[in-house]
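There are 2 protein chains.
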Amino acid sequence: MKLPASTEWALHCATTLAQVEPRRTVSAAQLADYYDLPAPYLAKQLKALAKAGVFTATSGPRGGYRLARPPSEITLLQIVEAIDGAASPFECHEIRQQGRGALSPEDCRHTCAIAAAMADAHEAWRRSLADVTLADILDRIPSWAPARTRSLLTES
Amino acid sequence: MKLPASTEWALHCATTLAQVEPRRTVSAAQLADYYDLPAPYLAKQLKALAKAGVFTATSGPRGGYRLARPPSEITLLQIVEAIDGAASPFECHEIRQQGRGALSPEDCRHTCAIAAAMADAHEAWRRSLADVTLADILDRIPSWAPARTRSLLTES
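For the record, the sequence lines run as chains A and B.
In the working numbering, each number is its position in the first sequence, counted from 1, plus 252.
In the working numbering, each number is its position in the second sequence, counted from 1, plus 252.
FYI, nobody ran anything at the bench for these hints, they're computed from the structure.
Fair warning: there could be bad hints in the mix.
Taking lysine-lysine pairs in the DSBU-like style, the calculated list, with each CA pair at most 30 Å apart, reads [claimed, not checked]:
(1) A/K299 / A/K254
(2) A/K254 / A/K303
(3) B/K296 / B/K254
(4) B/K299 / B/K254
(5) A/K296 / B/K254
(6) A/K303 / B/K299
(7) A/K254 / B/K254
(8) A/K299 / B/K296
(9) B/K303 / B/K254
(10) A/K254 / B/K296
(11) A/K254 / A/K296
(12) A/K303 / B/K254
(13) A/K299 / B/K254
Assemble the whole structure, with the sequences as input and the hints as a guide.
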């Protein structure tokens, strides 16, 4: 199982926006330049983040993106699921109801114990990512980083 | 992110083997028939489970597969990772070291806070699946199921 490479882009771009002044917007082109990413494909991901309510998009000559909420109110889970959706990596095709060993629909009214355990694991993954906000990430990066980020973005 | 469909096959086949008499083997053809699965592709997955030490393969006219250990000593994680490997779905490409905002290698001696949080989530997922054994799954299926499974496999 793999998350799209753009998951890393989204998490880093969100962390970048969390480091700039609250009302400041950063354009898709600036973010693509900042991380040397393919601009058209990054633009698509930024739109997905805006659609999911993680970023706010503004148009016009000074338009771009900013966080839709304070960093303490945006979780890594919200960012990851804006890119890849919320579905569990395990897809249950109810093979217990097919073939020689097929169980009857009446015997399958309850979720299969295997599917339930896989769903529990996905919830553990989700809870872990829901527990980390962008504010937590900012707490874990070097103290000089935000000023450097703001400065580099101002020059670009 | 998606696990291969064969993950469900592997989990169900392992649960089936956990229901038969300890020394009894079940052939790949019987398992394919039991769940109406494509035999050649299922055979490949069963071999992967044997290679990972979850199943024991025996050859000969009455050959086939059985569990390599008691059901209480086989976790869902071991089965899932035999099929899909142990890699995290999040791949870190160190984009923090590229582009206009590139950090120096010296500033990147520690794992990126984002990659660390994603690794924590993967570990939460792994722990959840490592906590569930095939014996736990047997405890959660109807009490009449094992006798039915054994009977259907004897007739096949």
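Against the structure, the hints come out as follows:
Distance check on the hinted pair: A/K299 and A/K254 sit about 21 Å apart at the alpha-carbon level, within 30 Å; holds. A threshold of 30 Å between alpha carbons decides the hint, and for A/K254 with A/K303 the separation of about 23 Å falls inside it, so the pair holds. The hinted pair formed by B/K296 and B/K254 meets the criterion: a straight-line CA distance of about 19 Å does not exceed 30 Å. For a cut-off of 30 Å, the pair hint linking B/K299 to B/K254 stands: about 21 Å separates their Cα positions.
Distance restraint check for A/K296 and B/K254: the Cα-Cα separation of roughly 21 Å lies within the 30 Å cut-off, and the hinted pair is therefore satisfied. With a C-alpha separation of about 44 Å, the suggested pairing of A/K303 with B/K299 is violated against the 30 Å cut-off. This hinted pair checks out: A/K254 and B/K254 have alpha carbons roughly 7 Å apart, not beyond 30 Å. About 41 Å separates the Cα atoms of A/K299 and B/K296, which puts this hinted pair outside 30 Å; it is violated.
Under the criterion of a C-alpha separation no larger than 30 Å, the hint pairing B/K303 with B/K254 is consistent with the structure, at around 23 Å. For the hint pairing A/K254 with B/K296, the CA-to-CA distance comes to about 21 Å; that is within 30 Å, so the pair holds. With a CA separation close to 19 Å, the supplied pair A/K254 and A/K296 stays within the 30 Å bound. Restraint check for A/K303 and B/K254: satisfied, since their Cα atoms lie roughly 23 Å apart, inside the 30 Å limit.
Taking the CA atoms of A/K299 and B/K254, the gap is about 23 Å. The hint holds against a cut of 30 Å.
Hints 6 and 8 from the earlier list are contradicted by this structure; the remaining hints agree with it.
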